[in-house]
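J.: The primary structure of each chain is shown beneath.
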Amino acid sequence: MLEHYFPILVLLGAALAIGGGAMGFSYLVGPKRPYHEKLDQYECGFAPLGRIRMRFDVRFYLIAIIFIVFDIEAAFLFPWAVAFESIGLIGFIEMMLFLSVLLVGYAYVWKKGALEWE
Amino acid sequence: MAVEQLDIHLVLMMPEILVAIMAMALLLLSAWTHKGGAGVIHWLTMMTIVAVVLVIQVGSGTATTFGGQFITDDFSRYVKVVMCLGMVLPVLMSADYIRGHGMDGGEYHVVTMFAMLGGMIMASSGGFLILYLGLELMSLSLYVLAAWRRDDRCSSEAGLKYFVLGSVASGLLLYGISMVYGVTGGTGFAEVASFLGKPEGHGSQLLALGVVMILAGMGFKIAAVPFHMWAPDVYQGAPTPVTAFMSVVPKVAAIAALFRILFDVFPTYHVQWVPILQLFAVLSMAVGAFGGLVQTNIKRLLAYSSIGHVGYMLIGLVANSQAGAQGVLVYITIYLFMTVGVFGLIIAFDRQGLGENISDYQGLARKQPVMAFVMAMFMFSMAGIPPLAGFIGKFSIFMAAVKGGFIPLAVVGVLFSAVGAFYYIRVVKVMYFDQPEGEFKVTLSGGGFIVVSLSLFMIFFWGILPGDLLAWTGASVQAFH
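Chains as they are written, first to last, in the working numbering: chain E, 1 to 118; chain X, 1001 to 1481.
Think of the hints as simulated: they come from the structure by calculation, not from any bench.
Treat the hints with caution; some may be incorrect.
Stated by the list, open to error - Straight-line alpha carbon distances no greater than 20 Å define the calculated DMTMM-like cross-link-like pairs of lysine to aspartate or glutamate that follow:
1) 1429(X) with 1360(X)
2) 1367(X) with 1356(X)
3) 112(E) with 57(E)
4) 111(E) with 1107(X)
5) 112(E) with 1107(X)
6) 1441(X) with 1096(X)
Quantities reported herein were computed from a predicted structural model and do not represent experimental measurements.
In isolation and in its complexed conformation, chain X is listed as follows:
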């Protein structure tokens, strides 16, 4: 008995293969050089990611390999570039944080690369099994990353919490996938979609339940309410560069996968998933807006902020259109730079022994006006105040919702973004209007300076001239119809 010849085009997977090989090579390098190789590994990681971005750019058009299990198209390429940025910027800005907290030795870079690899596989997945494989590779790496400072109680707690809750979510996702398989007899996206196109594929209760479970599992990974419980503790406990990484890359990957599942596989079931996602979106925005009001720790505050941001992104999914998908890509790209910039500053504060409490920044503007100004700009951008880029992100999402006929949802979104603006501006108030208690000597490291100034430039540039960003994202979502 001969097995069907698989169509294998490894060239389509070059970015993933490159990341995997380099991650393994660096792992061996770290074992053989001990701490001496940490600097080399740091720079090799950067160069690898730059190379991966270049390799991603080489591809064009839509193609599948491994029997349709792996898809590359403009959408996945765009998302992968965002993920590469979401990985390389936190690494670049945290070289001395990693050294200062005993996280050097190279494994940190390797595990981060594996997490990103999992995310890239998710974004290109063409079937539920490979989606799950990518998700687990990413999640397992993230559990380890969250607990990286194992002598720190908060970090261990974060890792354990994330692991226990994350495994339950993975279980839910698998259960949902098994229901979809039970009804349709396939796990590939194309197979399932072609079954659902037939008359017998309509109106299956079991399938609807499976879709709900898949949504729940993915909702956990993006920290959408009601699956957000882990986020504040994990964000606070994890080392700051890890928090920066995990507030971008897993969200990008899971949202990209959700797009593929919902738009390509279950378009006929939108009667089921649109209301669910609407509920997720409203609850996430509400928890993000009100939960952040009472936080005193900046990382917890950013956790609630990220829950809120996920709520806005889900509006783009609910809109169920190309405009919605484009809005999400715009939002996520801008969110990447805002988040990375803020965490870059938090790392700089940490370098000088400042705590993570918002009250530690009291009167920063009197002593260091430039630092306070940069922080204030990131906060205003997160609040969505024009002319900063955060406004463009929210604007494109709300416009997509209005065009899709979800006007009440857009109105609710605007209201919650007004509530959420309060706590961002409170940080600005503490920096500008409170009396300083001690001395500040906050300086950025070399990498931190590059990352923060790049982020600052991007939020101003895209806030005023968003044309390029809109064009790129618009071209990337042509894959959906």
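With the rest of the complex left out, here is chain E:
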């Protein structure tokens, strides 16, 4: 079974050779004349305005987590909808259970005010 993967191995080898080769050659034969502006972070061509490691508001993190939860919900819902004909009533009930569990979490988050920006 493993021999079916041989083309992928070839592709992997070629990708490594080309990528590694380009970086290796430029490291070996390319001229190196570093100066401050060249080493600086790139910001659309003008002088950098702030530090490169910005702090993000913790609220983005919360939004990201909630997004992941509902993203996964959607990922479950699509195959369920496609297979709906064959899984019948039990499939419907199980998905409703899953959604109601999610809904409990959503209600909690909403009531706690985690969704309010200010």
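Add chain X to chain E, keeping to what the hints say.
T.: Relative to the frame of chain E, chain X by itself:
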């Protein structure tokens, strides 16, 4: 195309369903009542757990549901009752700790219930996927619990450490499961076991590797050496009731799951897993015995102590027999009461502003002889000194090892338990023979009094009359053969 009708018997899952529904209901209650509902949630949690224990008792015999993915038998019922106790006792004794440290609001109870739910699912799992689901539900809840006091640096550190290391362990476990699936073509315990019963199921290197990885992943959850690095920091950093909870419930759940995996699925691979577990057991006992010698913080000391205790429990697994399984159940039940009792006292000390250093207990016996006596009894029991129950636990484990022909292992176990006795007794020495520096006014809260006196009673009662415990555990392990 019609899908095969699943055999669904929800009645078998009643305890789990009850916990899940109540946890979600209490979560909503906590959101709608804010801090006002904390007391109500506290008592509703207790009542739920009592109800769950009663519901567990209703079941009998061995049955499976969801196509064999979920098993209930006497073993899982016993383990679930232990888990319920391991959850409800820390909650009961820590009502005012939770209030005093700003942990009230109900979510603490809810997350603890979810952690226990995960453990119960693990104990009843009939397949690798549901095992993993239960494990993750438990672990994710525990990561949150460890970091509960997020304004406290130690607690945040504990949560983060536990999370990072725990995810690696979960990854190892999943990788092992994928190897088992790759070889056998199934994830249900029954499917895998029936494949291994056939001639082509013998001697697969890949499968052996998968078993090793599964052992590594589970070894992390029970803090067996060499996967114990997280335990001292997490035990110290986590809030004390959480430490009490996580030194019992996850261990019970993971050991129960290990029993199912090793005894029911991989009995033909015992040539592979017995030496590995033997190594885990010896190393755990060694680290538990020697690591504890230099600790100054009582919670760190108990972390090393729990590593050592896991080493003894693993001997019961190594023995690979019903007697070994029974020994582990006896040990874990007694360990539950010893641990909960000690943490109950630590919470009482914390209430009076005493620190967590062992030196803070200097001369406790002069001022408060009763407190010091109770603490000393728990320490003697942990060291395994008769007539306390800790001795019965160690005795049944070592007897199983001797019967199974693992005499050197039993001898090593006895030696390490002698080394470990030193640091338990050092705590007693500090309390009894050192001069007190300040005043002590240690009092137990109402719940704390109930828990500590119950634990004290149990370690005396089972130390002298272990008959009932031996009978219950003996009946519970009939499922294994």
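J.: Compare the distance between the alpha carbons of residue 1441(X) and residue 1096(X) with 20 Å, and conclude whether the hinted pair is satisfied.
T.: holds (16 Å)
J.: For the pair supplied as a hint, residue 111(E) and residue 1107(X), is the alpha-carbon distance within the 20 Å limit?
T.: Status holds; Cα separation ~14 Å.
J.: Starting from residue 112(E), check that the Cα of residue 1107(X) is at most 20 Å away, please.
T.: holds (12 Å)
J.: Is residue 112(E) close enough to residue 57(E), meaning Cα to Cα at most 20 Å?
T.: holds (18 Å)
J.: Measure nothing beyond the straight line between the CA atoms of residue 1367(X) and residue 1356(X); if it is 20 Å or shorter, mark the hint as holding.
T.: Satisfied, since the Cα-Cα distance of roughly 18 Å is no more than 20 Å.
J.: Quick one, are residue 1429(X) and residue 1360(X) close enough, alpha carbons at most 20 Å?
T.: holds (13 Å)
Figure legend: structure checked against the earlier numbered hints; every hint is met.
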